[in-house]
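Peer 1: Read top to bottom, the protein sequences are chains A and B.
The numbering used here puts the first sequence at residues 5 to 226.
The numbering used here puts the second sequence at residues 463 to 820.
Calculated from the structure, these hints are not laboratory results.
The C-beta atom is built at its ideal place from N, Cα and C for all residues, glycine as well.
Please note that a few of the clues may not be correct.
[To be verified] The calculated label-pair distances, taken between Cβ atoms and stated as ranges, are: (1) B:664 <-> A:60: 30 to 40 Å; (2) B:563 <-> A:44: 43 to 53 Å; (3) A:205 <-> B:563: 24 to 34 Å; (4) B:590 <-> A:218: 21 to 31 Å; (5) B:626 <-> A:205: 16 to 26 Å.
[To be verified] Over 10 Å on every C-beta distance to chain B, these chain A residues come out as not near it, computed from the model: (6) 53; (7) 138; (8) 142; (9) 175.
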Amino acid sequence: MDWAALRVSLWLGAGTIAILLPLGVWFGRVLAVHQFRGKVLVEALVTVPLVLPPTVLGFYLLVIFGARSPLGQAFQSLFGQSLPFSFQGLLFASAIANIPFVVQPIQRGFEAIPSDVRDAAACCGLTPWQRFARIEVPLAWPGILTAAVLTFAHTLGEFGVVLMVGGNLPGETRTLSVAIYDRMQAFDDRSAGVMAATLLVIAVVTLMLTTTLSRRVGVRRG
Amino acid sequence: MRQRTPIPLDVDFSCDPGDVLAIFGPSGSGKTTILRSIAGLYRPEQASIQAGGETWTDSSSKTFAPPHRRAVGVVFQEYALFPHLTALGNVMTALGHRPSSERRSRAQELLELVHLSDHRDRRPHQLSGGERQRVALARALAREPAVLLLDEPFAAIDRTVRRRLQDEVDELRRTLDIPLVLVTHDFDDVVRLATRLLILEKGKAIACGALTDLTSRPDLPWLRDAVGLGSVFEARVVGRDRQRGLLELAFEGGTLFAADRALEAGTTVRLRIAARDVILATSEPHGLSLHNSLLATVSAIAGDGAGNHVVVQLVVGSVLLLAEVTRDAIARLGIAVGTRVYALIKSVSIAIVAPEDS
Numbered sequence: 005m006d007w008a009a010l011r012v013s014l015w016l017g018a019g020t021i022a023i024l025l026p027l028g029v030w031f032g033r034v035l036a037v038h039q040f041r042g043k044v045l046v047e048a049l050v051t052v053p054l055v056l057p058p059t060v061l062g063f064y065l066l067v068i069f070g071a072r073s074p075l076g077q078a079f080q081s082l083f084g085q086s087l088p089f090s091f092q093g094l095l096f097a098s099a100i101a102n103i104p105f106v107v108q109p110i111q112r113g114f115e116a117i118p119s120d121v122r123d124a125a126a127c128c129g130l131t132p133w134q135r136f137a138r139i140e141v142p143l144a145w146p147g148i149l150t151a152a153v154l155t156f157a158h159t160l161g162e163f164g165v166v167l168m169v170g171g172n173l174p175g176e177t178r179t180l181s182v183a184i185y186d187r188m189q190a191f192d193d194r195s196a197g198v199m200a201a202t203l204l205v206i207a208v209v210t211l212m213l214t215t216t217l218s219r220r221v222g223v224r225r226g
Numbered sequence: 463m464r465q466r467t468p469i470p471l472d473v474d475f476s477c478d479p480g481d482v483l484a485i486f487g488p489s490g491s492g493k494t495t496i497l498r499s500i501a502g503l504y505r506p507e508q509a510s511i512q513a514g515g516e517t518w519t520d521s522s523s524k525t526f527a528p529p530h531r532r533a534v535g536v537v538f539q540e541y542a543l544f545p546h547l548t549a550l551g552n553v554m555t556a557l558g559h560r561p562s563s564e565r566r567s568r569a570q571e572l573l574e575l576v577h578l579s580d581h582r583d584r585r586p587h588q589l590s591g592g593e594r595q596r597v598a599l600a601r602a603l604a605r606e607p608a609v610l611l612l613d614e615p616f617a618a619i620d621r622t623v624r625r626r627l628q629d630e631v632d633e634l635r636r637t638l639d640i641p642l643v644l645v646t647h648d649f650d651d652v653v654r655l656a657t658r659l660l661i662l663e664k665g666k667a668i669a670c671g672a673l674t675d676l677t678s679r680p681d682l683p684w685l686r687d688a689v690g691l692g693s694v695f696e697a698r699v700v701g702r703d704r705q706r707g708l709l710e711l712a713f714e715g716g717t718l719f720a721a722d723r724a725l726e727a728g729t730t731v732r733l734r735i736a737a738r739d740v741i742l743a744t745s746e747p748h749g750l751s752l753h754n755s756l757l758a759t760v761s762a763i764a765g766d767g768a769g770n771h772v773v774v775q776l777v778v779g780s781v782l783l784l785a786e787v788t789r790d791a792i793a794r795l796g797i798a799v800g801t802r803v804y805a806l807i808k809s810v811s812i813a814i815v816a817p818e819d820s
């Protein structure tokens, strides 16, 4: 069992959620509520990471992160290290790969709120922020929860992008799913089996937790 | 309010506290858009909207208060309750202008007012259509609005419950000192609740005035086509004659007999007499089954252009009645403005609009 890899995987999952969820709530709501020109293009761009082969995504991310790109240079001068093959780079890549998993469920969640409920909230004297916090977020909650779970699960399972952008540095960028591949290559079936089982258990527990949570929401709402 | 696109609008109206202005028209005529403009949910090209001494919208000075800064109570067509909050929670949401210590007790008072205090912990999905409407009403009143807006409030409720809710709204109107604006495509709502009427067609007000004035106008073909002409006026129950199965009603112009109903003497009711149900005679007839024969003076005659029907407006005391007759009948009887005629009305043709029989 590669505990360091498990730690990297869990941190990566939690970190991706922490970065993406607030952005996803904001952006998903924008897409759900506002009509603007070029919305179809924006929606397509948001979905691209879903259909792109992970290696293609990884390739472009490496180009963007590279020492010759403005982003790569900025990061280098700020933190004194390069983005590729670092945990930060991996986190950044993971956040981008997971955009569709966050934005889409949240967008659907906000879209499901009837527009007259939104209007009623305004006519009750709630300011835009109060409407958001007290009416919209509670009602879009199932979508937000789904986004978090999908992101976490997807991050744990991500392989191609991790290998491309992060490489396989123990304790830094080697996630559990990469470690499994690594062990299998070394004919260490036992370790691979233990880690695969760990991922399986995490997946099942996450899904159980989601079901329970969404059922609790369901009971509250009927 | 005026604009050309996307929904053409051209209306100008006011409504005093205690009045109920019904905006009546077919769907797509812009009724809801007018309501939304008052609430600040829609911004017409050109508009000036004042309520309770405040200017909410004024396009010439670019004034536009967002909905949450307008003291407006809105009952939406589908009620638009917050599904994740209880009845009490829904009402409390609209009490943000009160100190938080008062909100709960005030919300309970409001639920009591709409007879829902024992359902306060239920969520919208656990309430019936009528109960939801009451929560929506309580929530709208919670804001202490300067104007109460009702968008087709009874459309989604079945007939029996509807009557009771209409009565409740009517009762509420008497206790509130604010104008009510009611949008509806159901003339029954208008006859029961409105004191003033605005008839809207394709965003344009084709008539606006007191309900009794508009319903007694002979020259509103639109109204004739939509619901049939018939004047609406107030009367008082004098008494019941159970043996003859009649109800005696006094109005400012005489006495009418209608089919008996369980109404107490002294009750004020609204009557609607359809123009088609009024027969004219130049001398008082005898030997008829009729109960009502009123001496009246013809005050106006309006034709409908190509058709063979003519609408005659009659003055009986201070009340105006309408009679729809053929062109031939007018010629035969020699009826003109100023002619004295008898208006004959069957007792069963008098529609009584009264609080739900108890």
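Peer 1: Each of the hints needs a verdict: does it hold here or not?
Peer 2: Going down the list of hints, with the structure as the test:
no.	hint	in the structure
1	B:664 <-> A:60: 30 to 40 Å	violated, 55 Å
2	B:563 <-> A:44: 43 to 53 Å	holds, 50 Å
3	A:205 <-> B:563: 24 to 34 Å	violated, 49 Å
4	B:590 <-> A:218: 21 to 31 Å	holds, 27 Å
5	B:626 <-> A:205: 16 to 26 Å	violated, 58 Å
6	53	holds, 32 Å
7	138	violated, 7 Å
8	142	violated, 5 Å
9	175	holds, 44 Å
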